[in-house]
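J.: Spelled out from the first residue to the last, the chains are:
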Amino acid sequence: MYESEQLLDLHQKVLELRRKQFQIHEQIYQAGTKIPIHFAFGHEAIAVAVASNLLNEDKLLLTHRNVHYHLALGATVENLLSEYQLRDSPISGRCLGSMNLDFPSKGVIYTSNILGNNLSIAAGIALGNKVKGLNSVTWCVTGDGAIEEGSFFESLLLSISRKLSLVFLVENNGWSLASEIADRRVEIDLNLLSQSLGIKYLRLMGNNVQDYYSQLSKIREIIQSKNQPFIVEVMLTTLGGYYVEENGMRRYVNYHSGRVRTDLVGESVIELDSRDPVYISERALESSDQSLEKK
Amino acid sequence: MIGDFSLSSYINMKLNSYLEDLDLGVFFGQNVISGSRISGLGLGVELQEKILSFNTPNLENSLFGLGFGLSIAGIPSVYLMKQHDFSLLAFDHLVNTKKLLQNHSNLAAFLVVMVVVDSGYEGPQSNLNNLDDLYSLSQADIWLLENKCAIDNAFTSDRKNFEIFAISQRNLKLPLISENPSITLGGFQVLENNITEDFKPVIVNCGLSTEAFSSCLSFLHDRKIDFHMARQFKMNLEENLLFIERLAARGRKFVIVDGSKSRNRISTHLAYALLNLGSEVLLLGRQDLDSWRRVSQDNLQIDMESVLDFLRKR
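Chains as they are written, first to last, in my numbering: chain A, 387 to 681; chain B, 3 to 316.
To be clear, the hints were calculated from the coordinates, so they are not data collected in a lab. Wrong hints could be hidden among the right ones.
Claimed, not checked - Within a straight-line C-alpha distance of at most 30 Å, the following computed BS3-like cross-link-like pairs (lysine-lysine) qualify:
no., chain 1, residue 1, chain 2, residue 2
1, A, Lys399, A, Lys492
2, B, Lys16, B, Lys150
3, B, Lys101, A, Lys492
4, A, Lys518, B, Lys101
5, B, Lys100, A, Lys549
6, A, Lys518, B, Lys100
7, B, Lys100, A, Lys420
8, B, Lys162, A, Lys492
9, A, Lys518, A, Lys492
10, B, Lys150, A, Lys492
11, A, Lys518, A, Lys406
12, B, Lys101, B, Lys162
As the list claims (entries may be wrong) - Residues from chain B shown here face chain A by an in silico Cβ test under 8 Å; the list is partial:
no., residue
13, Gly71
14, Ile185
15, Leu187
Just so it is clear, the structure is predicted and the values come from calculations on it, not from any experiment. All residues carry an ideal CB built from backbone N, CA and C; glycine is no exception.
One chain only, chain A, in its complex shape (with noise of 0.2 Å):
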């Protein structure tokens, strides 16, 4: 476990993963470059969290939404833009473009852009750590469109029957494409379905990148000392969202990748309230300043 400094480090980790994925925005945009992009404006608590949680043999598995996981793992803004124009960098150098990059070197093996496509290997990757005798953790990132896959059910009922240390981290935005939730399914109660197969569940909301971490780390334990797979569900929300006018009504639409529209959106990708987990690590910051001060 990290000591209260450190603790206080992953705020600013939080920050520094907000503005390097606005100079990767700005300096694709500015380019005119058309590189697919799925920006995670609003993501980086999750992602500071479980990055900093990943031990030696650990695995992460990640989707189309992957940058705020390179960054948090190291990954220079120049990489990333080296690696999005298929050029060769210290990530991946494997020609992957922006919805399939890997990291090896800091345990990112398996990025997938097919929705779902990603878990089953997970429980692969899994049940070869086992074999192997490694006392890892498997870390695969899906969202709330991927758990409406049949794959997901599949991957869940494979890494319950094989006990396999496995967390399916599951980044809910609510949204999928330009779809609310409400507008295409009934809900799905994680926590019912993960009892029902007898999976541990958790959910983290509030974007405190502190009390994330701390959660991860205590999953980490509970899964190593009883081989048995996790769900945790991470409620967010994804920034930068924007306004449409249809049928004389005015309509949200949740971002899903490529520019911001800030045209549209002005101060959007920057929210003031639990919303943005920037918000929060500053004001954590700031408290902590004041603490010392008063000290």
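Start from chain A and add chain B according to the hints.
T.: Then chain B, alone, in the frame of chain A:
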């Protein structure tokens, strides 16, 4: 020795031997370490100490993903499945995951052994008895385990990170056939000698259409027509074309038998290549596409007189 084996028992012996040579490995599938063990194909694997073997739930898509994940983790695995139709559920992995992993290094071998249910009477829904489409989309190396030679070739080849071994349901319990080819070049084996020294026609079997092929051979044999025969044992277009180029250099006539139900047949590519090289080709395949929709014996019917006419024509 040959007489002691059926096709399935010989494959089982080879499979056990392959797994025994591994330092660590995983063997999985539905009903593979209990019950019928897929017509005996998985018999005895569970006794191997270095191999983790287990029965799985019915999750075909994820079982392909499991194998690819094991491959990334560096653990070789064998997924034994029946039946081939269920691979349709895993086309995402067969196409996209396979493509994504082509630049990965240090991948362990992931081998899928699948039974192609070509026995007929399966009903109109169970309609995927061909491997052409599977090969076309995945571009995986697919081996057809039809006789001892083909099985030996498949198991002794250097393992790639992903391969499929396909076995005909019709042939599983038949006695093992031993055929010693004079040439195993590319994806075909030629089963008689002197192929470069005369101009006899070549009767080629594509895919798993064994019954139609055999009846064609015996028909010609009864009429004392001298011919070479060749069986496809690997789905690989580049290797097949190389083989055909060598054969066609002698200007032979080719009769190609292809029982697949696909409209995208590898035999069409072979026939086209042969025609381009100046050969004469008779391609025998399914014409009555409506028969797909009926429950039937599912055999390819060949008009033997047309074969005779083709061979006699100067």
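J.: So, for every hint listed, does it hold in this structure?
T.: The hints, checked one at a time:
no., hint, result
1, Lys399/A x Lys492/A, "holds (17 Å)"
2, Lys16/B x Lys150/B, "holds (10 Å)"
3, Lys101/B x Lys492/A, "holds (23 Å)"
4, Lys518/A x Lys101/B, "holds (26 Å)"
5, Lys100/B x Lys549/A, "holds (26 Å)"
6, Lys518/A x Lys100/B, "holds (23 Å)"
7, Lys100/B x Lys420/A, "holds (26 Å)"
8, Lys162/B x Lys492/A, "holds (27 Å)"
9, Lys518/A x Lys492/A, "holds (19 Å)"
10, Lys150/B x Lys492/A, "violated (46 Å)"
11, Lys518/A x Lys406/A, "violated (37 Å)"
12, Lys101/B x Lys162/B, "holds (14 Å)"
13, Gly71, "holds (2 Å)"
14, Ile185, "violated (38 Å)"
15, Leu187, "violated (33 Å)"
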